[in-house]
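There are 2 protein chains.
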Amino acid sequence: MASRSLSLPIRHRWRMSCYFMPRKGDPKYHPKTQRAQNHLVQNGDTAELVSHRLLLDLGFIKPADKAPGMYHYLPMAMRSMDKLMGLIDAVMMKYDCQKVQLPTLTSSHLWEKSERLDSMGKELMKVKDRRDREFVLSPTHEEVITRMIGSGPPLPRKELPVKLYQITPKIRDEMRCKFGLIRSREFIMKDLYTFDLSQENAMETYETMNEAYNEFFQLLNVPFVKVVGKSGNMGGDLSHEYQLPSKIGQDNLLICGACHRGKNAEVSTSLSDPTCDQCKGTHLWQQHKGIEVGHTFYLGRRYSQSLGAMVNPGNGKPIPAEMGCYGLGVSRIFAASLEVLQTCPTKLSWPKLIAPFTLVILAPKKGSKEYAHFQDILEFYDDVNSRLLPNDVMLDDRDNLTIGRKLDEAKTIGFPYIVVFGKTFFNADNPELELYSAETDTTMMLSPEAVKNFLNRANSERCPNLSL
Amino acid sequence: MASRSLSLPIRHRWRMSCYFMPRKGDPKYHPKTQRAQNHLVQNGDTAELVSHRLLLDLGFIKPADKAPGMYHYLPMAMRSMDKLMGLIDAVMMKYDCQKVQLPTLTSSHLWEKSERLDSMGKELMKVKDRRDREFVLSPTHEEVITRMIGSGPPLPRKELPVKLYQITPKIRDEMRCKFGLIRSREFIMKDLYTFDLSQENAMETYETMNEAYNEFFQLLNVPFVKVVGKSGNMGGDLSHEYQLPSKIGQDNLLICGACHRGKNAEVSTSLSDPTCDQCKGTHLWQQHKGIEVGHTFYLGRRYSQSLGAMVNPGNGKPIPAEMGCYGLGVSRIFAASLEVLQTCPTKLSWPKLIAPFTLVILAPKKGSKEYAHFQDILEFYDDVNSRLLPNDVMLDDRDNLTIGRKLDEAKTIGFPYIVVFGKTFFNADNPELELYSAETDTTMMLSPEAVKNFLNRANSERCPNLSL
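Chains as they are written, first to last, in our numbering: chain Z, 6 to 473; chain L, 6 to 473.
For the record, the hints were derived by calculation from the structure and aren't laboratory data. There's no promise every hint is true.
Put simply, identical chains are the same to the list, so a pair is met inside one copy or across any two.
[As the list claims (entries may be wrong)] DSS-like cross-link-like pairs, simulated, lysine-lysine; straight-line CA separation at most 25 Å:
#1 K371 / K29
#2 K231 / K374
#3 K29 / K163
#4 K71 / K127
#5 K252 / K294
#6 K322 / K428
#7 K322 / K294
#8 K131 / K71
Next up, chain Z with everything else stripped away, as it sits in the complex (with noise of 0.2 Å):
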C-alpha cells in the first residue's frame, strides 16, 4: 500500500507531443488557422488585449460556445490556476484562516433579508427549482456565511476571530465581458469572512488581512497598488482595493505624489481638491489606471444583524458579529499578472510561482544525430522531474519539430526556465547543456550537474503547496 501510494506521481512524464494544447500554427493540426480565427470572432471575443490573444492562439483557453465571456480553462492554463489556488491556501493557512465551500445555488430569501435582491439588478441571476423555489446564482456569499452562522449558537469568545473562505466560480451577469478572464461571466473567486466581537478587534483582524494580501501579492511578485476602495453594494464604509496598474485598467486611481498612497477616484468627489487624506500634503495627484484585483470590506454589522450571526461576549448576552469580507479574484490575477508583465508582443511572461511548469527540456528532431540518445534525455528528465521540481517540468519530445522552432515556441509560452539538449551535449568530450533563464533572457553553457545544481536552488522559489 505504502509504496503504492508513493509510486504514482513519480513515474509520470509530461509530454508535449501529447499535451491537449491546440495552437495556432501548430503543424501536428494541419494548421486551419483561418478556421481558428473566424470562430474566435463569431464568438464575439475580438481579444483586444495581447496577452488574451496569446492565451488563446496557445491552446490555454477557449471561448465556450454560445456563451459570451464564459471560459474553458484548458489544462496548461488550469495548471496555472490550481498553483495560484495553492498559493493563495499557503497564505490563508499562514494567517490562520480555514477553508470551507458554500453552494453556488443560495435561498433567494436570504438575499432578502439584507436587501441586496432587487438593489443587485440584472448582475444577479436567479433560478426557479421544481417546486417554484427561487435561488440565486451566487457572485459572492455574505448573505449565506452570515446566515450559517447565524444558524448555530453565538461564536464564543476564545473562537474569535472565525476567519473561513472558499474558492468557487462564481457567477455575474455581467452588462459588458471585456479583456477575456479580466471581465466574464462565470469566474473563479476566492472570498474570505472573518467575524469579531467589537469593533476594535475587527478593525485588528481587517489591517491583518490587509497584511496577508500584500503578502500575496508581494509572493506573487507583481507590481500592485493598494488605494482607498470604493464600498459599491457591499454596504460597509472602511474598504481598500488591490489595483494592479494597466493602462488597459478599468478604474480610475489618484495617487498621492509624496507619499504614493492612493484612492479610487470614485471616492473622491472632487479632483481640484489637492489634499491628500493620508500624508495631508498637498502635492497634485497623479492620475492612473488599475485593473482590481482584490478587495477588502470591513462590514460591521451590515449583515450579521438582518441574518443573526452573533457572538457571545462571555459577560453577558449575545450581540451581533463585527464583520468583515475580503475578495481576490482568482481567474482575474490569473489573466491580469500575465497582461501586466507583458513586455514583449510575442511572448507571455509568468509571475513565476505560477507558470504552469517552471522547465521544459527540449530534447532534437528525429532523423537528427543526437536523436540517437534520446534515452540519456529522458533519464535527465525523470531525474529532474521527480526530485529536483516534482511533477514541474515538461519534456517538449514533439519529433517532427527542429530544436530552433522548439526554442521559438517555448520562449513564447515563456517557461522560466528552458534546458536544450543541443550538439554541445552530444559532440564534446565536456557535455555541456544550454540552460535559458527567461527572467534574465540570457543563455548559460553549463554541464549536467551544473544544471541540476541551478534547478535545485530554483525548486527553492517555487509555490510552497504545489499540489501538482
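Since chain Z is already given, all that's left is putting chain L on it; use the hints.
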C-alpha cells in the same frame, strides 16, 4: 523571496481551541443542543444515517438555509474533500489524464443538439441571462466538451487518446434528496471525457480507465464492487458502475455466486434466468444493495457526430471521435465511505488517506500539573507537523477539558492516530506517550522518539499529492 516562500506552511499550528467546528454539546458553545436539533429538523434534514448525523453533530457540514439537499462544507470536511480531490488528481495524472475546467453555465443550444434538453426533464435547471439567452446549470459536460473539441481543428492521431477531466460543483434538481451528501442537489463530481480514433482504440481506453478506477478505490481502501451498469440517458451501450455495497444503497445489484462479478438489476429483465453473463455458470444471483460512486460509459459517436468533435486519421479525411465518459461522485464518495466503514454508531471511521488530520495530539487541562510542560508539547507538535506529517496534525489545546474528555471526542471524530501527553510523560524517569491507533483500536506506550519513528512510517501511507 525563496525563504519567505518556503516559510509559509511550516510554522502553522492547527489548534482545536480556535478551529471552526461547531459541535453539539461542546461546552465552549454553552450548549444549546435543543436549538441546534430544532434547526436541523426545520431544514427537513432528518439525518436518517448515523454517519450523516455524526457529520452534522460534529460540525463537519451544515445544511444550507431554505435549500433542501444543499450543504456547507465546514473546515474539517473541506480538508477531507481536498485530500480526496488530491488523490483523484494523482490517479488521473498516473493515467495520463489532463485537468481542465469548464463553465457551470452552458448554452441550451448545445443540449438541444444532443437532444437532452427536454429528455433530462426537471433535473436539468435552466436560467436566462439579461439578453434572454438560456443556459443550463450543468450536471454533466458531454455536450460542452464535445463542442469545445469540435470548435477546433480535428485532433491529430498522434495525440490520441485525448483524456480531459475536471473536478467541479455540479447541479441536479433531484426530486428526492436523501442521506445528506449521498444524494444532494449540488455536489462535487470528477468527470473525464476521452476521444479516440476507432472503436477498438476507444475500448482500450475504456479498459485502461477502468483499471484507473480500480486502483483509485483500492488506494482509498473501501470495499467496492464493479458491475455491468445501466446506461441511463448517456446514450452509450456499454457501461460499468462502481458500487459501495451498503444496505442503504438505492441500487439493486446481482452478484454471481460463482465468479463474484455482477450487474445492476436494472440491466436484467428477468431475475429468473440464473445464467451469469460473464462466467456462464448457472448459480443463483446474490442480491445486494449498493451506493453508486463511479460510472464509466462507452459513448461511441453519440455526441461527436452531432457536435462535430473530429479526429484526423492521418490517411484520410477527419471522422467523428469515438468517445467515453467517466464519472466519480466526489462528495458522494466522501459521505458513502464513512457510511460503509462505520462499525460503531458513536464514531466515524475514515479511509486513512482522506481523514481530515492523520494525527491529533492531546494536551492536558489547564491547572493540571502536566499543563506546566505545555512548551514541550508545542515543540513535539511543531516537529511532527512540520517534518513528519507536514500540515496534517491537529493540536487539541482546549484548556478547559480533561484529557479523558478529549480522548473520547478524538475517537468519535475518528483521527487515525491519537497521541496523549498524560502522566507517564511527566512523571516517569522514562517519559512515555500514549499512541492510539483507530485502525487496530489499540494503545501503545512509547518513548517520544519511538512515536516519531512510528509516525514517520505512517507518513508513507498518506495521500501522495497532499496539498494541505
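Right, here's what the structure says about each hint:
In the homo-oligomer, the alpha carbons of K371 and K29 lie at most 25 Å apart inside one protomer (23 Å), although the nearest pairing across protomers, at 66 Å, exceeds that limit. With identical chains, the CA atoms of K231 and K374 are never at most 25 Å apart, being 55 Å at best within one copy and 50 Å at best between copies. In this assembly of identical chains, K29 and K163 lie within 25 Å of each other by CA distance solely across copies; the values are 17 Å between and 57 Å within a copy. With identical chains, the CA atoms of K71 and K127 are at most 25 Å apart both within one copy (20 Å) and between copies (23 Å).
Taking CA atoms no more than 25 Å apart as the test, K252 paired with K294 passes inside one copy only; the shortest distance there is 5 Å, against 62 Å between copies. Neither within a single protomer nor between protomers do K322 and K428 lie at most 25 Å apart by alpha-carbon distance, with minima of 78 Å and 39 Å respectively. Proximity of K322 to K294 under the C-alpha cut-off of 25 Å is found in neither arrangement, the shortest distances being 48 Å within a copy and 50 Å between copies. When the C-alpha separation of K131 and K71 is checked against a cutoff of 25 Å, the pair qualifies both within a copy, at 20 Å, and between copies, at 15 Å.
In terms of the numbered hints stated before, the structure departs from hints 2, 6 and 7, listed from lowest to highest.
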